[in-house]
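Enquirer: Sequence:
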Amino acid sequence: MTDYDFHALQARWQPVWESLDLFGAGRPTGGARRYLVDMFAYPSGDLHMGHAEAYAIGDALARYWFQRGYDVLHPVGWDAFGLPAENAAIRRNQHPADWTYANIATQAASFRRYGPSFDWRTRLHTSDESYYRWTQWLFLRFQRRGLAYRRLSAVNWCPADGTVLANEQVIAGRCERCDTEVTKRDLTQWFFKITAYADRLLDDMTKLEGHWPAPVLTQQRNWIGRSRGAYLNFGTIEVFTTRPDTVSGATFLVVAPDSALADELCAPGQRPSFETYRTEVRRKSELDRMATDRPKTGVFLGRYAPHPFTGAPVPIWTADYVLAAYGTGAIMAVPAHDQRDLDFARTFDLPVIPVAEDVPDADGPARDAAIERVIAEAEARGVGRGGVSYRLRDWLLSRQRFWGCPIPIVHCGRCGEVPVPDEQLPVRLPDLRGAALTPAGVSPLAAARDWVEVPCPACGGPAERDTDTMDTFVDSSWYFLRYPNPDYADGPFDPEALRTWLPVDQYVGGNEHAILHLLYARFFTKVLKDLGLVDFDEPFRALLNQGQVILNGAAMSKSKGNMVDLGEQLDTYGVDAMRLTMLFAGPPEDDIDWADVSPAGSVRFLGRALRLAGEVRSAPGADPATGDQALRRATHRLVRVITELIEAHRLNVAVARTMELVNAARKQIDDGHAGDPAVRETVEAVTIVLSLFAPYLAEEMWSRLGHEPGVAHAGWPAVDPALAAESTVVCAVQVNGKLRDRIEVPADITEADLTALALASPAAAGRAVTRTIVRPPKLVNLVVQP
Numbered sequence: 001m002t003d004y005d006f007h008a009l010q011a012r013w014q015p016v017w018e019s020l021d022l023f024g025a026g027r028p029t030g031g032a033r034r035y036l037v038d039m040f041a042y043p044s045g046d047l048h049m050g051h052a053e054a055y056a057i058g059d060a061l062a063r064y065w066f067q068r069g070y071d072v073l074h075p076v077g078w079d080a081f082g083l084p085a086e087n088a089a090i091r092r093n094q095h096p097a098d099w100t101y102a103n104i105a106t107q108a109a110s111f112r113r114y115g116p117s118f119d120w121r122t123r124l125h126t127s128d129e130s131y132y133r134w135t136q137w138l139f140l141r142f143q144r145r146g147l148a149y150r151r152l153s154a155v156n157w158c159p160a161d162g163t164v165l166a167n168e169q170v171i172a173g174r175c176e177r178c179d180t181e182v183t184k185r186d187l188t189q190w191f192f193k194i195t196a197y198a199d200r201l202l203d204d205m206t207k208l209e210g211h212w213p214a215p216v217l218t219q220q221r222n223w224i225g226r227s228r229g230a231y232l233n234f235g236t237i238e239v240f241t242t243r244p245d246t247v248s249g250a251t252f253l254v255v256a257p258d259s260a261l262a263d264e265l266c267a268p269g270q271r272p273s274f275e276t277y278r279t280e281v282r283r284k285s286e287l288d289r290m291a292t293d294r295p296k297t298g299v300f301l302g303r304y305a306p307h308p309f310t311g312a313p314v315p316i317w318t319a320d321y322v323l324a325a326y327g328t329g330a331i332m333a334v335p336a337h338d339q340r341d342l343d344f345a346r347t348f349d350l351p352v353i354p355v356a357e358d359v360p361d362a363d364g365p366a367r368d369a370a371i372e373r374v375i376a377e378a379e380a381r382g383v384g385r386g387g388v389s390y391r392l393r394d395w396l397l398s399r400q401r402f403w404g405c406p407i408p409i410v411h412c413g414r415c416g417e418v419p420v421p422d423e424q425l426p427v428r429l430p431d432l433r434g435a436a437l438t439p440a441g442v443s444p445l446a447a448a449r450d451w452v453e454v455p456c457p458a459c460g461g462p463a464e465r466d467t468d469t470m471d472t473f474v475d476s477s478w479y480f481l482r483y484p485n486p487d488y489a490d491g492p493f494d495p496e497a498l499r500t501w502l503p504v505d506q507y508v509g510g511n512e513h514a515i516l517h518l519l520y521a522r523f524f525t526k527v528l529k530d531l532g533l534v535d536f537d538e539p540f541r542a543l544l545n546q547g548q549v550i551l552n553g554a555a556m557s558k559s560k561g562n563m564v565d566l567g568e569q570l571d572t573y574g575v576d577a578m579r580l581t582m583l584f585a586g587p588p589e590d591d592i593d594w595a596d597v598s599p600a601g602s603v604r605f606l607g608r609a610l611r612l613a614g615e616v617r618s619a620p621g622a623d624p625a626t627g628d629q630a631l632r633r634a635t636h637r638l639v640r641v642i643t644e645l646i647e648a649h650r651l652n653v654a655v656a657r658t659m660e661l662v663n664a665a666r667k668q669i670d671d672g673h674a675g676d677p678a679v680r681e682t683v684e685a686v687t688i689v690l691s692l693f694a695p696y697l698a699e700e701m702w703s704r705l706g707h708e709p710g711v712a713h714a715g716w717p718a719v720d721p722a723l724a725a726e727s728t729v730v731c732a733v734q735v736n737g738k739l740r741d742r743i744e745v746p747a748d749i750t751e752a753d754l755t756a757l758a759l760a761s762p763a764a765a766g767r768a769v770t771r772t773i774v775r776p777p778k779l780v781n782l783v784v785q786p
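For the sequence shown, position 712 matches number 712 in full-length UniProt numbering, and the numbering has no gaps at all.
By construction, these hints were calculated from the structure, which means they are not laboratory data. The beta-carbon is built from N, C-alpha and C at its ideal position, and this holds for glycine as well. There's no promise every hint is true.
[What the hints assert, rightly or not] DEER-style ranges, computed between Cβ atoms:
#	residue 1	residue 2	range
1	VAL730	GLY24	20 to 28 Å
2	GLN339	ARG113	27 to 35 Å
3	ALA747	THR218	43 to 51 Å
4	GLU512	GLU264	25 to 33 Å
5	ARG113	GLU726	38 to 46 Å
6	PRO457	GLY24	35 to 43 Å
[Claimed, not checked] Taking lysine-lysine and the DSSO-like style, the derived pairs with C-alpha atoms no more than 30 Å apart in a straight line are:
#	residue 1	residue 2
7	LYS558	LYS284
8	LYS207	LYS529
9	LYS296	LYS284
10	LYS738	LYS284
11	LYS207	LYS284
12	LYS184	LYS284
13	LYS529	LYS560
14	LYS529	LYS193
15	LYS560	LYS667
16	LYS296	LYS184
17	LYS207	LYS193
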């Protein structure tokens with residue numbers, strides 16, 4: 001193979017890698033271990049362009065750790081339950097299991113072709129009985145601790161999909177998957193009491209700062225939404241406010257229309273208009289209701305409540321911009337100091353009363369003191385108290401669909417909610433092949449009467465299984481704990497394996513999971529610590545988010561007809577070129593517009609790199625110290641920089657520096673120095689670095705350089721500090737912060753010498769320099785008079 005033939009390279013090396021078991025965890029490394037988890041794939045079809053980027057990033061970091069000599073656990077699995085699989089199976093008249101496992105087989109084959117450094121012994125599927133048995137076991141531990149409970153709740157309901165939707169799955173009042181208009185239904189549902197952990201979820205984020213992306217932490221803080229303020233009593237109506245100091249400007253109350261309180265308060269004469277309005281509100285998502293750029297609507301409930309300090313009657317309204325689940329489901333409206341309240345007051349011609357001038361609107365000690373005075377007065381009068389409220393609501397986990405983990409509860413007329421005993425787990429899904437899985441307003445499981453009707457585990461009397469299944473976020477909240485030993489049979493995870501590998505050192509995945517998945521995984525981990533099952537309370541030490549792969553500025557979508565087929569791209573350009581293109585396109589967190597990148601350019605570069613390996617003429621093991629020292633200095637400097645860039649996850653720049661290494665070796669060979677041992681040193685460094693980004697090509701280069709297979713464990717190139725030291729650098733000379741000159745200076749130049757050079761440069765000519773700001777060796781800023 002004299003030319004770059006990626007088909008041949010892939011066919012040659014994939015079976016060799018599998019025979020060598022290069023990536024099995026548990027290697028003797030003196031205790032140095034790293035655990036990297038990619039957010040696992042959903043088997044909706046074959047791998048797509050987003051997978052290509054995400055797994056290229058995670059694999060580059062895992063392979064870097066392998067090269068540094070760590071014992072690395074890099075697992076693989078599938079998030080296999082869920083609504084998309086069930087809907088796809090219904091459309092194809094298939095069983096969800098058949099559709100899911102066929103897709104998993106397809107994706108597994110594509111993964112092997114793509115070449116990630118997975119330890120395939122870790123493979124798990126959340127839809128396997130051996131996995132969801134333990135999901136049920138964990139649910140029951142939550143229930144025993146009072147963290148799993150059932151109650152009546154108004155929920156988002158998709159009539160087409162026939163299931164409850166989370167608020168995030170409702171876009172502009174419609175189901176994000178099928179675009180059906182979402183309604184509200186009152187259903188008795190299961191919840192996890194995540195609100196009990198709100199403070200810990202917030203406060204423990206200080207441990208993650210600097211290790212997780214700041215935007216993710218901000219989104220989680222906003223989602224939890226801890227607010228300090230006061231609960232004030234307007235008669236029997238309690239409201240929460242962060243500004244109790246503005247209570248004198250409260251001119252009306254607003255109650256959430258979908259709350260029980262609004263129903264109780266509505267006067268008989270207002271009942272028809274209220275019922276009509278409530279029906280309209282139930283068609284809207286909470287995100288729509290919270291939008292500030294839409295007209296305010298509402299209904300007067302025909303009631304009044306006494307003001308807590310003056311006793312004056314305050315009219316009670318209902319409006320959709322107040323949510324039942326936030327605070328108490330009722331607010332005091334202060335239109336002079338809140339824009340939404342002002343818009344509502346203007347719409348319905350309600351009074352606007354400014355608060356006394358000595359109560360400041362801006363943050364600061366004066367406002368805080370005013371708040372404390374009002375709280376103290378409210379407590380003294382018995383009409384209020386200081387307190388905290390949260391935006392976070394308990395996690396609704398019930399789903400009225402078949403393809404999910406059954407909830408392990410039996411409902412008995414005598415005993416109530418009875419947990420299924422551990423020895424009877426898993427509660428297996430009935431087969432239901434040939435049965436109608438099409439949504440009918442209740443879970444399809446309800447139709448499997450032989451499965452539903454069981455003896456009560458407590459009294460032996462007639463009872464029925466719970467027919468809901470769990471939200472798939474439950475499955476993904478703990479899978480990383482099972483990976484180290486997925487065959488463990490004595491519990492959900494192997495305690496010894498957890499002590500060895502957890503917490504996860506690096507988690508890699510899309511920022512679309514910034515809130516729910518990551519928040520739920522953190523919640524699960526904290527509960528498990530309280531249960532004594534783990535000894536840590538944060539699951540992921542570090543988080544790296546990748547952006548999306550888009551096309552011409554838009555997200556790829558079948559409906560838009562702008563999909564790029566990963567399989568076709570791999571057939572055209574090869575695995576290595578695709579991986580390299582993904583990594584070179586920009587920082588991992590940025591979106592990649594496929595219209596702006598060049599996999600063909602990657603192919604050309606990889607061909608240039610491959611030719612180097614075939615042209616090296618020195619023997620393996622030749623002493624590079626006898627070779628060209630200028631090339632050695634360039635090599636060691638670039639390897640040092642590449643190492644720093646990979647540690648900082650600046651993979652795109654690391655690829656660019658690797659290209660500089662290739663150019664340096666190419667020049668020496670073209671100048672007739674192919675036999676120089678320093679050239680071999682450079683090309684071997686190129687090969688090892690490329691093993692992170694283009695593993696098939698790197699393995700072929702390693703072979704052509706005379707080495708045995710297994711470049712993934714060749715060892716990271718050692719950097720000689722003396723060779724890597726920069727002899728000169730370019731220093732920027734600024735005048736009043738603006739770049740005016742560049743000067744080349746010794747890397748170890750002193751501050752005094754650098755100042756003198758800068759003052760002697762053309763940038764300082766004719767200027768009255770009043771101060772110099774010097775940061776040797778790369779920056780001097782001259783402050784001059786205007």
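Enquirer: Tell me if the straight-line CA distance from LYS296 to LYS284 falls inside 30 Å.
Expert: Between LYS296 and LYS284 the Cα gap is close to 14 Å, so the pair holds against 30 Å.
Enquirer: Evaluate the given range 38 to 46 Å for the C-beta pair formed by ARG113 and GLU726.
Expert: Holds, since ARG113 and GLU726 (Cβ atoms, about 41 Å apart) stay within the stated range.
Enquirer: Between VAL730 and GLY24, does the C-beta distance stay in 20 to 28 Å?
Expert: Taking Cβ atoms as reference, VAL730 and GLY24 lie about 47 Å apart, which means the hint is violated.
Enquirer: Has the given pair, LYS207 with LYS529, been kept, meaning a C-alpha gap of at most 30 Å?
Expert: Given that 30 Å is the threshold and the Cα spacing comes to 16 Å, the pair holds.
Enquirer: Between PRO457 and GLY24, does the beta-carbon spacing fit 35 to 43 Å?
Expert: At roughly 42 Å between Cβ atoms, GLY24 and PRO457 fall inside 35 to 43 Å, so the hint holds.
Enquirer: Could you grab the alpha-carbon distance between LYS738 and LYS284 and see if it respects the 30 Å cut-off?
Expert: 52 Å, violated
Enquirer: Hey, LYS529 versus LYS193, does the alpha-carbon distance stay inside 30 Å?
Expert: 16 Å, holds
Enquirer: For the pair supplied as a hint, LYS207 and LYS193, confirm whether the alpha-carbon distance does not exceed 30 Å.
Expert: 23 Å, holds
Enquirer: Starting from LYS560, check that the Cα of LYS667 is at most 30 Å away, please.
Expert: Judged against 30 Å, a Cα distance of about 47 Å means the pair is violated.
Enquirer: Is the straight-line distance between the alpha-carbon of LYS207 and that of LYS284 30 Å or less?
Expert: Violated. LYS207 to LYS284 sits at ~38 Å, over the 30 Å cutoff.
Enquirer: Per the hint of 43 to 51 Å, is the separation of the Cβ atoms of ALA747 and THR218 within bounds?
Expert: Given a distance of about 39 Å, which is not inside 43 to 51 Å, the answer is violated.
Enquirer: Is the straight-line distance between the alpha-carbon of LYS296 and that of LYS184 30 Å or less?
Expert: 20 Å, holds
In this structure, the earlier hints numbered 1, 2, 3, 4, 10, 11, 13 and 15 are contradicted, and the remaining ones agree with it.
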